[in-house]
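Student: If you want the building blocks of each chain, they are given just below.
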Amino acid sequence: MLLLQVIVGGLLLGAVYALFSSGLTLIWGMMNFINFAHGEFVMLGMYVALVVVTWIGGGPAAFGLGAAFALFVLGVVVYLSLIRHVVRGPMLAQILSTFGLALLLRYSAFWIFSANFVSLPQTSLSGTVNLAGILMPVAQLVAGVVAITLTVALHLLLARTALGSRLLAVAEDRNAAMLMGIRPDRMQALAWGLSAGAAGIAGALMAIAYPWSPSVGETFGLTAFVVVALGGFGSVPGALYAGLIIGLIQALSAYWLGPVYKDIVVYALFAALLWLRPQGLLGRA
Amino acid sequence: MRYGAVTLWAALLAYPLVLYNQFYWDIGVGLLLAAITASAWNIVGGYAGQVSVGHAMFFGIGAYAPLLVYHLWKLPPVAGVPLAIGLSLALAVIIGVPTLRLKGHYFSMATIAIAELIRIFVGTWDLVGAAIGLQGPAVGRGWWDLTFRSEIPYYYIFLGVLAVLLSVTAVVERGRFGYYLRAIKAGERAARSLGVPVQQTKLKALMLSAAFTSVAGSLYAIKTGFIDPESGFGILVSVQMVIVAALGGAGTRLGPLVGALVLVPAQTAINTWFGGGGTGLTYILYGGIILVLARFEPGGLHELWHRAAPLLRRRARAA
Amino acid sequence: MLLEASEVSMAFGSFAAVSGASLAVEEGEIVGLIGPNGAGKSTFFNCLAGDMQPTSGRIVFAGVDLTRTSPETHALAGIGRTFQVPATFEDMTLLDNVMVGAFLRYPQPEQAREHARRILGLTGLGGYAGQRARSLGTPGRKRLEIARVLATRPRLMLLDEALAGLTPTELQQAVALVREIHASGVTLVIVEHIMEVIMTLTKRVLVFNQGHVIASGAPESVVREEAVIEAYIGRGRRKRRQ
Amino acid sequence: MKRTSALRVAALAACAAFLYSIASPAADSVKIGILWPLTGNAAAAGQASKAAAELAAEIVNHAHPELGDLPLAKTAGLPNMGGATLELVFVDHQGNPSLAQQLATRLITQDKVNVLLGAYQSSCSFTATAVAERYGVPFMVGESAALNITGRGFRWVFRGTPIASDYARTYMRFFTDMRKSGTTIGSIAIVNENTDYGTSVADAIVAEAKKADISVAIRIPYSASSSDVSAQVLQLKEKKPDVVIFISYTADSILYMKTMRNLDYRPAMVIGDDTGFSDPSFIPAVADIAQGAMNRSAWAIGKPGSTTYRINEMYKAKTGRDLDDTSARNMQSFFALADALNRAGSTDPEKMRAALAQTDLKPEQLMMGYQGVKFDSTGQNVLAATYLIQLHGSRYELVWPDRAATAKLQWPMKGWTR
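Residue numbers (this note's numbering), protein chains in the order written: chain A, 1 to 285; chain B, 1 to 319; chain C, 1 to 242; chain D, 1 to 418.
Keep in mind that a hint or two might mislead.
[What the hints assert, rightly or not] Beyond 10 Å from chain B on every Cβ pair, some chain A residues (computed): (1) Val51; (2) Phe69; (3) Leu82; (4) Leu92; (5) Asn130; (6) Ile134; (7) Leu163.
[Stated by the list, open to error] Here are some chain A residues pointing at chain B (derived, C-beta under 10 Å): (8) Phe225; (9) Val226; (10) Phe270.
[What the hints assert, rightly or not] Ranges of calculated distance between the beta carbons of each label pair, as one might list FRET restraints: (11) C:Phe12 with A:Ile56: 26 to 36 Å; (12) B:Ala90 with A:Gly127: 15 to 25 Å; (13) B:Leu72 with D:Lys362: 53 to 63 Å; (14) C:Gln84 with B:Val168: 36 to 46 Å; (15) C:Tyr232 with A:Arg88: 58 to 68 Å.
Treat the hints as calculated values from the structure; they're not laboratory data.
Yeah, the Cβ is synthetic: ideal placement off N, Cα and C, and Gly gets one too.
Work out the full structure: start from the sequences and follow the hints.
Tutor: Here it is as structure tokens:
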């Protein structure tokens, strides 16, 4: 019985991991570029939610969209001002660029919001639901469900829509796409916007259930890497399955081995993955 | 270049006597340690272009071994240095063989994951003091404990190690090994077609880099007399190495030293002016520097100097 | 017999890029590999260079079996190769580029540098030794690549479209250089599209189409063969969809 | 090329010299160097303690007769040293041990401080106290819990605050009192964050529990930055201990209370080992669902008109928040240090050390719940003790020991209203 509770909790959290990891895998698949500041985007999503709730007093829908929009804009700005120039540079510049961005965002958050842990004041989503003996906090339930739907929506956007095909065209072959009248810079800026937006919403959803501080970005960043590596670089469905699996593994290893080991298990899985199947579950080699 | 290098070394030798004050000695020691660590990273990160962001794993081993031999068998910490080098070389081979197959981002990420894995594991391992960490002898039982009251002995020990490391880098740079490293960085496929044994060369570079990074860790532990998972294996330790080397000019002999000469005093100045005020400015500064560096001049100050030098000479000649 | 490649096949999953291609090269020959794009020339070429490990077949060079060995082993054995798109070391000087090749035979830096200078002189790049490879145009980069491979003192050189995209005058100089290299005793296998070059340089030609060797022999006779014309011009058959 | 490299070296030397022009030492008075984490993860605690130290210095430097016989409150400055005032020099070690060592050196050699106070994180206290020991400068450890900070045979290091074994003994005394009054305490569980603070306190509790033959059902270390704690709560639900002791920081403490309510788990009693449970944001976040949760604190605001109440008012005026236990313990160590400086009558290190060693403050001279301040040969305050307080409504009430209790202990805890 308790085991079922652990599994459900793990899957719900895994769904949120899937959402923000799908943003990372989109960029990765498209530009073979890793955004080391992706975890910080999630953290900023949480603070945007806090600002929306405290200043404008909006409900979950308001701060969810607020976080998504704010991070979308940030994603586009980051692409245009930094990534566009760095992506053609040497490997060291590519890695340093988003590392510098991560440090800058994290410690600016320290400066603006101070280092204390904060949590969203009681929203309409507090309280728990008892589904056949399994106690599910409403906040985590909503977060998980919304996360899954958004991830699927992102996948459908890429796979089914014209815009999606243009994004994938640029991913496949930037020059070829240009020949067909697609403007790669605009597509990649859009991709960065979507990626950061997904991270923003995921942050807002997590903020409902969990307290946070500026330093949580680092753990989310590493978790996103693991999910994307397992799910396959560039595969959004892969990120969804992998997110759920990682959430589950974390919950189970915390329950059986003890909470200290849940990170060790995840990072060990990640290291093994990179050696055995660098392209991950569903990704392209 | 000869004339410039000689004056630089003379300045470093005279530094503690010129700025005769404990505080500046400590900055000097911190500066040399940052230079050693960054130069060690530079061998594999700069020359071979394998950007490891997990070198703290070697630094940590280097730092833990001396304090462990003291903690367990009451040996002088310096006795742990050979053990640290051996362990670091072993780790370099164990993780090097699989990860060096990976390219670019994959390699960086694998190194981050492994360093985090070790940090968390060490944090739960009681033999090495788990989360509390290990302490060295606060008051030395003899000169061999290397616990000096003043910083000057540390300064010259560190300077000696830096000199050895930079001369090894010079030998590497001029020899076949150095050319092969730069070829790998410029294009692995082309290098292999010319007979460069890429995997073995990268592994040799990683082992050499791991050994010296481990020595840097040992120097830190012997001077500070304390180590815990965060200050030994933390990600900021790895990040600092990369920044210092990249700022000065990754893949150049004196790049890391120049990077340390600029970054460490700047960091201390910030800590002093704003430290008391309680703002995390130091890391905002770090983030800003890397961003600008990556965006405008990945080659670092070394590249900037190469570009500026001709202009200066022309302006000097014109004046 | 310097090089003997027998029944070499290379399949990417279900797609057979090269199937059952064989080539025997005597010391001192110049052999041409021709055929339309996507016919498997480059794949076969990469198998010879060790850049790709063939799924089946054998490659023996000077009596040594090199099948499925690394490019480094091939280079050490004496097979040098250039790339279709020049892969020069951009940030390194021309001299350093060639020295990387020289180091294969001359472990000591002084000897390697001296050998590299000689090769640069030979290939007409002596004057630019101190420049970074980045500053060269395509013809210069192709010439540098040839110099770099020459520095490894190969017995067999594989040239992958080393003469493509050159102006007429540059083409003449490049052909002269290839003749010189051949004269110095290096066996050559070249992949080319320019028929004029094939005609003037090679004694023997292999024609590839859809992964198979469909003809071989002297250039003049091969060009007239029915199958070869069909391969190039095609008889209305659409190119199989990728 | 020769001339430009000389140019390069000159340019570098110039820029380095500019950066080195750091502030010169200030006028002489008794200077106390204080090392705390003013940025980084523990910045909140550092800032709170900084405000507390500044307040304590104000109290000593100016006459405050209304503060009863708190040492040096009535007088202005240090009477035995001609009314010399205390001057504080704060440095921010950001939780970095090697930075703490460097800054401690700077305080001693550059700022010429007479005594040192600090370091909050045990790792920083280790390195900073080693420097003090080498230079022979008295160092008062205000907060760090790790046992062997004072166990290394140092002469110059003193610690006013209780350490892990004191807390553990307090809990065990409480449990034996409860058993005497008929409450059944079969087994306890310990949930501790896995850095030096959590580990050292948890180790001490396990050791003391063995002595007081109280069985430990389960011990669960976890990482404070983990976003989800349901696994830990479910393990507790399975083991069913009577009492759960949480040794956690702020966010995880709040998360535990919420998760316990979500998973409908309520043990007979929950005890928080200060830190997280004492953080000002704890009560507003969980007051409605953690009624009756206990906490340890040597600091109690006390009844209006009492010395502690007035101090809290002054602190609230300065920071807008109540004084928390961590900053209060730092403040008490500050007062003990100031008292010793005054008794030493001079800034000669050996005299200050001797005065510190002879410190013997009585409970009524203190603002804390210690039985006094008296240092043993290792420099540890042997009379340090702590009260146990319980959350009634939206305030902590002092419930144990009975002699100082201001409210009746509710056992078992109510938790959340059904």
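Student: Confirm or reject each hint.
Tutor: Consistency of the hints with the structure:
1. Val51: Per Cβ check, Val51 of chain A is outside 10 Å of chain B; nearest 20 Å; holds.
2. Phe69: For Phe69 of chain A, whose nearest Cβ neighbour in chain B is about 24 Å away, the distance exceeds 10 Å, so it holds.
3. Leu82: 6 Å, violated
4. Leu92: Contrary to the label, Leu92 of chain A does not stay out of reach of chain B, its closest Cβ about 5 Å off (not over 10 Å).
5. Asn130: 35 Å, holds
6. Ile134: At roughly 30 Å from the nearest Cβ of chain B, Ile134 of chain A sits farther out than 10 Å, so the non-interface label holds.
7. Leu163: 26 Å, holds
8. Phe225: 6 Å, holds
9. Val226: This hint holds: Val226 of chain A lies near chain B, its Cβ roughly 8 Å from the closest one there, short of 10 Å.
10. Phe270: With Cβ-Cβ at 5 Å, under 10 Å, it holds.
11. C:Phe12 with A:Ile56: 26 to 36 Å: The hinted range 26 to 36 Å is violated for Phe12 of chain C and Ile56 of chain A, with Cβ atoms some 56 Å apart.
12. B:Ala90 with A:Gly127: 15 to 25 Å: At 54 Å between Cβs, range violated.
13. B:Leu72 with D:Lys362: 53 to 63 Å: Given range 53 to 63 Å: violated, Cβ gap about 44 Å.
14. C:Gln84 with B:Val168: 36 to 46 Å: Cβ of Gln84 of chain C to Cβ of Val168 of chain B: about 39 Å, so the range 36 to 46 Å holds.
15. C:Tyr232 with A:Arg88: 58 to 68 Å: For Tyr232 of chain C and Arg88 of chain A the Cβ distance comes to about 37 Å; the hint is violated.
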